[in-house]
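This is what each chain is made of:
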Amino acid sequence: MARPPANHPLLEVRDLRVEFPTRRGTLVAVDGVSFHIDPGEVLGVVGESGAGKSLTGAAIIGLLEPPGRIAGGEIRFDGRRIDNLPYEQMRRLRGKEIGAVFQDPLTSLNPLYTIGRQLTETILTHLDVTPAEARERAIRLLQDVGIPGAERRIDHYPHQFSGGMRQRVVIALALCANPRLVIADEPTTALDVSIQAQIITLLKRLCREHGTAVMLVTHDMGVIAETADRVAVMYAGRIAEIGPVRDVIKTPKHPYTIGLMGSIPKIDRREARLAQIDGAMPRLNAIPPGCAFHPRCPKAFDRCRVERPDPIHVDRSHVACWLYDRDDVRVGAVVDE
Amino acid sequence: MATTLDSDPKTTPGLWARFLDSDIFYSFRRSPLTIAAAIVTVVCFAGAFLAPWIAPHNPLDLSSVDLMDAYTPPVWMAEGNPRFILGTDDQGRDLLSAIMYGARISLIVGFCSVIFAMALGITLGLVAGYAGGAIDSLIMRIADVQLTFPAILIALLIDGIVRAAFPRDLHDQLALYVLIFAIGLSYWVQYARTVRGSTLVEKNREYVQAARVIGVRPVRILFSHILPNVIGPVLVIATINLALAIITEATLSFLGVGMPPTQPSLGTLIRVGNDFLFSGEWWITLFPGVALVTMVLAVNLLGDWLRDALNPKLR
Amino acid sequence: MIAFVIRRLIQSVLVMIVVAFVAFSLFTYVGDPISIMLGQDYTEADRARIAAELGLDRPFFVQFARFVANAVQGEFGLSYRLARPVDELIAERLPATLELSLVAAIFALVVGVPMGVYTGLNRDSWLSRVFMTVSLIGVSLPTFLIGILLIFVFAVHLGWLPSFGRGEVVHIGWWSTGLLTVSGLKALILPAITLGLFQMTLIMRLVRSEMLEVLRTDYIKFARARGLTNRAIHFGHALKNTLVPVITITGLQLGSIIAFSIITETVFQWPGMGLLFIQSVNFADIPVMAAYLCLIAFFFVVINLIVDLLYYVVDPRLRADRGVAGGHTG
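Line order of the protein sequences matches chains E, G and L.
Mind the numbering: the first sequence is residues 11 to 347 in the working numbering, read in order.
Mind the numbering: the second sequence is residues 11 to 325 in the working numbering, read in order.
Mind the numbering: the third sequence is residues 7 to 336 in the working numbering, read in order.
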C-alpha cells in the first residue's frame, strides 16, 4: 500500500496564523507555525490545552469554527495549496485524502444511524463503488479495527458499543476511503486508561499498513514517545521545538520542553522531586512581548523579553529560543532535510 | 471567547462602570433594534402608569364623557376633532386616554401575575430540588400534568370556577385579582423547572455541602447560595412571560371573561371595538390593538435580546 | 417495547384520573347544581328528591366513582344553560373543532418546519432575518387580533372570504364536514390561518434553534470531517436529530391548537366546542365545562401517547434492550 516517496512533503504548513476576531481586539491563537509531514510519517503535536494544537489541525482540514479564520500563511497538501480552496473542493479532500479522528468517540457518531450506515455513506461519498461493495468494505474495515462479529455489529447503533469500541469505529470511518493523512485530535483523551494503549497501537498499525501519515495531537508525552517519528512542541500558539522524537525526549533543548519532559515521572530514574514549570501558559489576550515563555523561563535574559525568537536549527531539531542563537551552538548542527 | 476576557482583575471599579463595560451592555449598544425596543417599552410603560396624570381625558369619569362625541374618527380624518387625537369610541370616550388607562390595567395584571408566578415557581422549584424524594416527584408531577394544558385554558377554567362561586357583581369587582391569580397560576411551571434543575446541580457543589456541614440553615443556603445562580434564566423567562401574560390577559378580556367594560383593559377595548369593525369605525378596535402589539413586541424583543446576551454560546 | 407502552398507558390513565377529579370537584363544590336546576323557588323536599336522584347524598368516593363511570361512557348530564345532554352538544360541535384544528396544524407544520430548517441553515441570510422578524411579530400578535385583522382585510375590505360560520356542511353519519363544499372550504381558510399562525411561528423558531444546536454537535463536525456533502449533513444527519425534540413540542402544540381554537372560534363565530365552552364559562355551565375539560385532557393524553410512540420509531436509543426510557414524561 505504501506509495512511492514524492520529492515534496505530503503536508506542508508555512507561517500559519489563525485569528479570532473579538470585540476587544483580535486573538491570535496560532502564530507563524511552520512544519511538514512526509508520506507515512507520524508527527506528534504536544502542548497544554490552548496552545493551538487542535486549531492547527482544524485549520488543515478546513474546519475552523467561525469566527476563527486563517489569517496568514499557507497549507499545501501534496504540493497543492488547500488553505484557500472553495468549500466543495475542500469537502472532496476531507475523508478522501485527509481523514480525522476526534477526541470524544461518544459524541463523534450520529446516535440515530447504525454504524454501518455511517460507514457506507462515507465510502459511497468518496469511492466509486456499489452499495453492496461499500457494505463489504465496511465489514472488512470493522474487522480491521478489531471489532468482533463485524457482520452482525455493522447493523448496531453507536449506543450499543463501549467507548473504546466506538473509537475503533471512528478510526474505521477516518480510514474508510484510504486517506493519505489522518489528523487525530486527542484520540485517546476521553477513553479509559486501559484502552488508550490499545487504540494507539491500532492507529499506529493501521497507518503503517496503509502507508498513512498521521498528525497526532495530544498532551500525552507517553503516547508521543511510543508512536511518533517526529514531534512538535507548541506553546502559546507557536512551535517551541520540533525535531525527531528521540532527540526531543532525550535531549530537549527549549527550556519549555525541558520542563515538560521533567514533569513526566520516570520510573528508572530516582529524582528528589518532580521538576515542574512555575506559572501557567498565558491567555491569548495576554501573550507577553518577546518570547511568550520568558516569564516562566528559568534561563530568560534581556533579549527574550524584547524579541520574539524564530525557530533556529539546532542539531536535528528546530528550536525557537535565543539560547541557541550563538555561533558555537550552530556549529556542527546536522541538517535534517 | 469574549466572556473570558472580562474577568480581568484590573477592571473592577464601580458597579455602574462595570455594567457599561459588560458584554450585556455591549450587545445592547450594538443592536439598534434592542435600543428601539427599550425606548418603546419605556414610553409605553410611562404612558400607561402615568395615565391618571398625563392622559388628556379621564375615560372612567362618566361626567366628562359626552355621548355627542361618540364615533369621532381620528384627528387626521375629515370629521376628526382635535380634542380627540385618535378619535372616540361608541360612548364618546377619548380613545387615546382609554388606551392609556387600558394599558395601565393590562400592565398591572401582567406584572403582578408574573411576580406571582415567579414567587410560586421559584419556591416550588427550590423546595423540589432541595428536598428531593417524594416532595420533588409530587411537585414535578403536578407540573407535568399542568404543562399538558395550555395556560389560557387553565386561566379560563379558574375564571369559570370563580364565576360559578361568586355572584356576578362581586366577580366584576374581583376581576383584576382573579386575572392575576389565574394567569400567575398558569405560568409557574417554567420557573419551577428551571430553578429545580440548577438547584439539583448546585446542591452537590462543594460550597453548598460545606455550608450545610457548618450548619447553615437550608432556607439560607437556598436563598443566598442557590438562588443567585438562577437569576439570569429566571429573568429571561420573566421577560418573555410578561409579554405572554399581557397577551393572556388581553385574550381573556377579549373572550369576555377578563376585565369588565367598566374597568376596560386593552383586551376589553378591542372586544368592544370589534363590534364596530363592520360598520366602518375601525379605529375603535385598531388603535388598542396596535398599542397591545407594540407593547408586547417591544417586550418580546427585549426578552430575545436578554436571552441571547446571557447565553453567548447560542448566538 | 410493550413494557414501555404499558408504562405510558398507566401514566396516561393517572393523568385522566387527576383531570376527572378536578372536573368532578367542579361539579360538587362549585355553585349549587340543585338551585340552578330548580330555579329560585323550591322546597326542602324537592331538594332532597333531586339530591337523591343525582346521587348527591352519597359518600364522596361513591359519587366520584359514578362520575368516572359515566364520563367513560360520555355521560356528563344536562347542560344548565341549554338543558340538553352534554354529550349530544359536544358531539354536534366536535367535527367543526377537529376539522379546524387539523387544517391549522397541517398549515403550521407544512409552513413552519421548512422555514425553521431554512433559517437554521442560513442563519445570516436576509431571508432568514425576514422570517425571524415575522416570527417575532407572529409571537407577539395575540390570536384574536390576527383573526380581527384577517377579517378586516379579507372579509370587510376585500370581501373575498366569509367572516364567520362554517359555510355549507355535508353530513356523513353524525359527522358534519365543511371540507366537501366550496363555501365550507372558503369559510375554513381564515380561521385555519388564524389558529395555525402562532403555532407555525413557534414550530419555526423551535426547529431553527434545534437545528443550530445540532449543527454544533461533534457528530456533525465529524460528518463534515468525513467529507459528506452538505445535503447529506443537513438533511440526513442534522434534520433527523432535530426530529426528537420537534416531535415532542409539536405534539404538545397540536394538542394546544384544539384548546386555542376557543379564541379562534369566538372571533369567527365558528360553531365548535371552543365556542360552546366559552359560552359555558360565561354562564358557569359546569357540566359542559367538566366535559370539555375531560375531552381536552383525553386528546392530550392520546397525542402524548402517539408522540411517545413516534419517539420510539425515531430514536434507536429508546429501543435498546435495556429499556431505557427518555426523560419525557406526562
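Rather than coming from a laboratory, the hints here were simulated on the basis of the structure.
Just so you know, these numbers come straight off a predicted model, no measurement behind them.
Don't be surprised by glycine CBs; every beta carbon is placed ideally from N, CA and C.
Treat the hints with care, since some could be wrong.
Unchecked claim - A partial selection of chain E residues facing chain L, derived with a Cβ cut-off under 7 Å: (1) Thr140; (2) His166; (3) Tyr167; (4) Leu212.
Unchecked claim - Here are the computed lysine-lysine pairs in the DSS-like style, where the Cα-Cα straight-line distance is at most 27 Å: (5) L:Lys227 - L:Lys246; (6) E:Lys260 - E:Lys106; (7) L:Lys246 - E:Lys106; (8) E:Lys214 - L:Lys227; (9) E:Lys309 - E:Lys260; (10) E:Lys214 - E:Lys260; (11) E:Lys106 - L:Lys227.
Each hint tested on the structure:
1. Thr140: Violated. Min distance 18 Å.
2. His166: violated (9 Å)
3. Tyr167: Tyr167 of chain E check passes; min Cβ-Cβ to chain L is 4 Å, inside 7 Å.
4. Leu212: violated (18 Å)
5. L:Lys227 - L:Lys246: holds (16 Å)
6. E:Lys260 - E:Lys106: Answer violated: Lys260 of chain E to Lys106 of chain E is near 37 Å, above 27 Å.
7. L:Lys246 - E:Lys106: holds (25 Å)
8. E:Lys214 - L:Lys227: With Cα atoms ~24 Å apart, Lys214 of chain E and Lys227 of chain L stay inside 27 Å; holds.
9. E:Lys309 - E:Lys260: holds (19 Å)
10. E:Lys214 - E:Lys260: Holds, at about 22 Å.
11. E:Lys106 - L:Lys227: OK: Lys106 of chain E and Lys227 of chain L at ~16 Å, within 27 Å.
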